[in-house]
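J.: Numbering (my numbering), first residue to last: 20 to 297.
Possibly wrong hints are sitting among the right ones.
Stated by the list, open to error - Straight-line C-alpha distance at most 20 Å; calculated EDC-like pairs for lysine to aspartate or glutamate:
#	residue 1	residue 2
1	K208	E242
2	K154	E132
3	K285	E175
4	K240	E168
5	K260	D198
6	K203	E253
7	K240	E218
8	K203	E162
9	K260	D158
10	K203	D122
11	K187	E162
12	K200	D99
13	K154	E175
14	K200	E253
15	K154	E142
16	K187	D122
17	K187	E168
18	K205	E218
19	K154	E139
20	K187	D159
21	K240	E265
22	K200	D145
23	K260	E279
24	K60	D41
25	K96	D122
26	K200	E218
27	K60	D35
28	K240	E162
As the list claims (entries may be wrong) - Listed next, with one range per pair, are the computed distances between beta-carbon atoms:
#	residue 1	residue 2	range
29	E142	R189	36 to 46 Å
30	Q272	T137	34 to 44 Å
31	T93	G192	42 to 52 Å
32	I146	K205	16 to 26 Å
33	G192	R107	53 to 63 Å
34	T93	P291	18 to 28 Å
35	D207	I88	14 to 24 Å
What the hints contain is simulated information worked out from the structure, not anything from laboratory work. For every residue, glycine included, the Cβ atom is placed at its ideal position computed from N, Cα and C.
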Amino acid sequence: MILIQRESPSHWYLPDGTPYHDVPRADGNGTRSATLRDARKVNALPSVTNILSVLAKPGLDAWKQEQAILAALTLPKLDDESLDAFARRVVEDMSEQVRSAADLGSAVHAAIEVYLQTGEPPENPDILRLFMPVKLWIDDHVERIGLVETVAVHSEFGFAGRIDLVAKLRHAGTWAVIDFKTQKMKPDKKGIYQAAFYETWPLQLMAYFKALDHAGECSRKLEDIASVVINSVEPTPVQVKVWPREEHEPCWQAFQSARELWCFTKGYRPQPTAALNA
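Build the full structure now, drawing on both the sequences and the hints.
T.: So, in structure tokens, the structure goes:
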């Protein structure tokens, strides 16, 4: 009995940066998520998060396991319900929690994008409540905006990704690649919410950093990478980590290693765009 999908939908991009996330269904009824098989046909490039999926994520895995345990403990087993049927309901409830968290994160990201581009806050009061701490941080720390929600392609190494923000940080005076994360923060013993900063985040940021540099899509001199964590439980101040510059190259090397592992396990290595053009 298979209860949990072995592979989640992956994001792909065409060599010119066009998103290739969905393809038409064979019967003509709508679209479906693009697969590795579809990607091979058009030399599609994996997203940065697609590549990093080959790495273990203990924090995320532990949270999903917690959702499964809570679902099993709180869902009543129906009379005459088989264990298989009950197990499926537990997985469905867990999956709904994961989807809800992802949908909330997407909504907050969309609100940030609109604010950076237009200065308009979201109208939805539930989203506005979580958005306000981000607005305060942006207003205080972002001096100039370079790029917002921009796709960057690394044609040599064959990957692409959508970058949340490239901006000049006011207090540091440097241009940085910035990624926003929503997270169900947990309070410490003193009741203060603390963000968890995961080891794969700087790898993701350095992939964006190098893609922008390789493609020459950013005329500013990039110096920093930063993660901005938004509490999805309470509207507490955002927590920020500017990753140390001495870790930049090791993180880039680690990402390249993850890419090699991804290519090996998938049996697919996108051709460099330069080679195709030649």
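J.: Against this structure, judge whether each hint is valid.
T.: Do the hints match the structure? See the list:
Distance restraint check for K208 and E242: the Cα-Cα separation of roughly 36 Å exceeds the 20 Å cut-off, and the hinted pair is therefore not satisfied. For the given pair, K154 sits about 11 Å from E132 by alpha-carbon distance, which is consistent with the 20 Å threshold. Between K285 and E175 the CA atoms are separated by roughly 18 Å; this keeps the pair inside 20 Å, and the hint holds. Our distance criterion of 20 Å between C-alpha atoms is met by K240 and E168, whose separation comes to about 18 Å.
For the hint pairing K260 with D198, the CA-to-CA distance comes to about 10 Å; that is within 20 Å, so the pair holds. About 9 Å separates the Cα atoms of K203 and E253, which keeps this hinted pair within 20 Å; it holds. Our distance criterion of 20 Å between C-alpha atoms is broken by K240 and E218, whose separation comes to about 25 Å. Restraint check: the Cα-Cα separation between K203 and E162 comes to about 28 Å, which exceeds 20 Å; the hinted pair is violated.
A C-alpha spacing of about 17 Å is found between K260 and D158, which places the hinted pair at or below 20 Å, so the restraint holds. Proposed proximity of K203 and D122 is supported: the alpha carbons are some 13 Å apart, at most 20 Å. A hinted pair counts as satisfied when its Cα atoms are at most 20 Å apart, and K187 with E162 qualifies at roughly 5 Å. Simply put, K200 and D99 have alpha-carbon atoms about 43 Å apart, too far for the 20 Å limit, and the pair is violated.
Between the alpha carbons of K154 and E175 the distance comes to roughly 36 Å, so the proposed pair goes past 20 Å and is violated. At roughly 14 Å between alpha-carbon atoms, K200 and E253 fall within 20 Å of each other, so this suggested pair holds. The hinted pair formed by K154 and E142 meets the criterion: a straight-line CA distance of about 14 Å does not exceed 20 Å. Note on K187 and D122: the hinted pairing is violated, with a Cα-Cα distance of about 29 Å set against a maximum of 20 Å.
In summary, the hint linking K187 to E168 is supported, as the alpha carbons are separated by about 15 Å, within the 20 Å threshold. Between K205 and E218, the direct Cα distance comes to roughly 18 Å. Compliance with the 20 Å bound is thereby established for this hinted pair. Taking the CA atoms of K154 and E139, the gap is about 10 Å. The hint holds against a cut of 20 Å. Straight-line distance between C-alpha atoms of K187 and D159 comes to about 12 Å, which keeps the hinted pair within the 20 Å bound.
For the hint pairing K240 with E265, the CA-to-CA distance comes to about 17 Å; that is within 20 Å, so the pair holds. For the hint linking K200 to D145, the alpha-carbon distance of about 17 Å falls within 20 Å, and the restraint holds. For the hint linking K260 to E279, the alpha-carbon distance of about 28 Å lies beyond 20 Å, and the restraint is violated. Pair hint K60 plus D41 holds up; C-alpha atoms about 14 Å apart against a cutoff of 20 Å.
Distance hint between K96 and D122 is unfulfilled; the C-alpha atoms sit about 28 Å from each other, more than 20 Å. For the hint pairing K200 with E218, the CA-to-CA distance comes to about 14 Å; that is within 20 Å, so the pair holds. Taking the CA atoms of K60 and D35, the gap is near 15 Å; set against the 20 Å cutoff, the hint holds. About 15 Å separates the Cα atoms of K240 and E162, which keeps this hinted pair within 20 Å; it holds.
About 28 Å separates the C-beta atoms of E142 and R189, a value inconsistent with the hinted range of 36 to 46 Å. The given range of 34 to 44 Å is respected by Q272 and T137, whose C-beta atoms sit roughly 39 Å from each other. In this structure, T93 and G192 meet the distance hint of 42 to 52 Å, their C-beta atoms being roughly 50 Å apart. Restraint check, I146 to K205: a C-beta distance of roughly 22 Å satisfies the suggested window 16 to 26 Å.
Roughly 55 Å separates the CB atoms of G192 and R107, a value that falls within the hinted 53 to 63 Å. Distance hint for T93 and P291: a CB-CB separation of about 51 Å, inconsistent with the stated range 18 to 28 Å. The hinted range of 14 to 24 Å is satisfied by D207 and I88, whose Cβ atoms lie roughly 22 Å apart.
The structure is inconsistent with the numbered hints 1, 7, 8, 12, 13, 16, 23, 25, 29, 34, although it conforms to all the rest.
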